[in-house]
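S.K.: For this one, chain A is given, so just place chain B on it according to the hints.
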Amino acid sequence: MNSGGRLLALALAGATAALVVIGSMWPNKAAAAFASGQQFTTAAGTPEAAVRTLGEQIRAHAFERAYENLANKGEFSEQQFHRDLTSGWPDLRTYATLSDFQVQPLHATDTDADVRFKMQWSTVVGPSTSTRDLHLVKNGSKWQVQWPIQKEPVVPPQVIPVNYLRWDVISRSSAEDWGAQDVEAPHVRIVDMHPVQRAEGLVLLGELLNEDVVPAYVSVTATLLSKDQKTIDTEGSFDAISHQLLPKQVTPFLIRFPNVTLSQVGSVRMTPFSTLISASADPVIEIQNEKLIPAPDAALTGELTNQSGQIANVAHVLGTFYDKSGQVVWVGDQYVDHALLPQTPVAFRIHIPQDLAHKVSSERTVVATYSFGGSQ
Amino acid sequence: MRAELPSLLVSFALGITSVFAQSGELTMPKSIEAGAAFSIQSGGSGKGTLYIAGPGQFIKQDVQLGGEIAIAAGSLYNAGHYGVWLTSDSSTQIGSIDVVPAQKPSDITFIAKPSRLPVAMHNAITGSAYVFDAYGNLITRPMQVSFQLSNPGTSPQTRTVESRNGAAWTQMDSASREGKAQFVARVGDVSSTRIVGQVPGDPCTIKMSAKPAGNKIQLVTVPVRDCTGNAIPDGTIVTFTETYGDVKSTVDVPLKKGIASVEMPSHRGATISVASGVVLGNQIRWAQ
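Chains as they are written, first to last, in the working numbering: chain A, 26 to 401; chain B, 357 to 644.
Calculated directly from the structure, the hints in this document are not laboratory data.
Yeah, the Cβ is synthetic: ideal placement off N, Cα and C, and Gly gets one too.
Some clues are possibly wrong.
If you anchor each label on the Cβ, the simulated ranges turn out as follows [said to hold, decoys possible]:
id, chain 1, residue 1, chain 2, residue 2, range
1, B, Thr-496, A, Phe-298, 35 to 41 Å
2, A, Gln-222, B, Thr-496, 53 to 59 Å
3, B, Thr-549, A, Thr-122, 54 to 60 Å
4, A, Ala-205, B, His-478, 25 to 31 Å
So that you can see chain A by itself, here it is in the shape it has in the complex (with noise of 0.2 Å):
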């Protein structure tokens, strides 16, 4: 070894044994909940104290000891509360991670408070934030949260028949020859198209038809060409889509394209693909009390409601916004993180941007779902 190649190998070395030191040290104070448990802060001698001592023991997963802080502890189970936290069915929630936690002071008194607990979670498809308004006694010297515990619903044990289509493909094997015969690609179509400028970016906003009798695995790709035909940059719509589309069922997409603006384009090639899929058209899901909230915080809320036996663990729900001509001016969407148990309306609510908020005339939403074991 060269003397350049051991001064490297010592650099490292030293390096690698400060940082060890430094976190042994001053740890982060989540890394040491997990490590040792012993690190929490303790804190109530405040009620946002409390709450946030409570949030950082749910970030650290440490429910036996949140639990055992709660005023009302009495009401429910250890194990209730946990569910409560991350579902009981597996669902996004299941497999999150409390990120980051607010903490705000609604009212207080001597003996008792109010605070809003507004949590973020990160889970496998991005964040997910949740709202809980806690209510706090003091108790001695320490402030005590109240858990407004959510308890799951229970489904009574039934059999549910269905009894709804299931399609299934066979391709054509490669031992065939050539010009044998394969099962056709199912028929897609554009049926409308639409770009949008933003601060961020150009943003093609669409929808997609699946104008067959089969079932049909969906994607949209689009290429921004300049006024000179060349190629500026190509995009697909990621899972701003609906992926899986029954016969005759339309999803909107969206395309991104930072740093693009429309007067760089001179036309779009948009490119459909489709593919078939084993399916089944089960579980339907009806999406009740669609309402557009105005600006500010506009937003398209609604509560969603499996009428079909099979738990659907996860939901994406995709709005598509037009404006009084009926042309797109947005396409939203919002994963639920809650498993949608049957005849068990969960609510959802798809953020607007405000700018666009007021030029918002109708909306209709679909409904993409993904059940463990297969998917619809």
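M.R.: Coordinates of chain B only, in the frame set by chain A:
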């Protein structure tokens, strides 16, 4: 290409050899059909070696010079141009032969597209046929290829097309009734069959009715059909939308046994509409 490389190398080597040796012309047919037997008339005397090299084939055979050398049937079967060399210690005789596809068609490769399409489409079904002999050579001489599309319950559509450069193609209409059509391409006594699924088109009209069901409304469509009377297949999505003031409820329901049925919240004065894909149905104003 990999198969032809040794033949090319042999041809090259024999070509160089022949430049330095005394040469003569072999007497042999200019062309034969693939797989046919033929003979080569050689000059000289004594023992020699026959080399034949062509597309994907190479033959080496010890022969007696000064007589007829018989090449058995099935020896040369890949269509193309072959070089022939007959070498001895003192001389090399050269020749060439073209192997052409056999006259008799033995196989037909038939590509029918699409394998599934809506009913009543003009010239929407395409069939392309490629005719081959028993050795897989494309038969390039013109041949009459007949195409027949048979739909259950109707008379078949038939076209006869002359092949050009080994290929023939045609277009057919899809039938007005749904079902599986047999698409057959035939040349001589050789045929190939493909199945073309003819499926219903878009719904022609969608009509629903509503009746109270407890504190809900039960919405049911009449059997949904396309404009030629075919039942729209089960699983097709029908969207029911109920609008009450500024509140809306939507359900995507798959057709089951030809109809779509759903229960939605009951609101006096609510407007309910139904649609499937880009086709709108009737609208109901709920007055109960």
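S.K.: For each hint, tell me whether it holds in the structure or not.
M.R.: Going down the list of hints, with the structure as the test:
The supplied range of 35 to 41 Å is met by Thr-496 (chain B) and Phe-298 (chain A), whose beta-carbon atoms lie about 38 Å from each other. About 57 Å separates the C-beta atoms of Gln-222 (chain A) and Thr-496 (chain B), a value consistent with the hinted range of 53 to 59 Å. A hinted range of 54 to 60 Å holds for the C-beta pair Thr-549 (chain B) and Thr-122 (chain A), which are about 59 Å apart. For the hinted restraint 25 to 31 Å between Ala-205 (chain A) and His-478 (chain B), the CB-CB distance of approximately 27 Å keeps it satisfied.
When each numbered hint is compared with the structure, no violation occurs for any of them.
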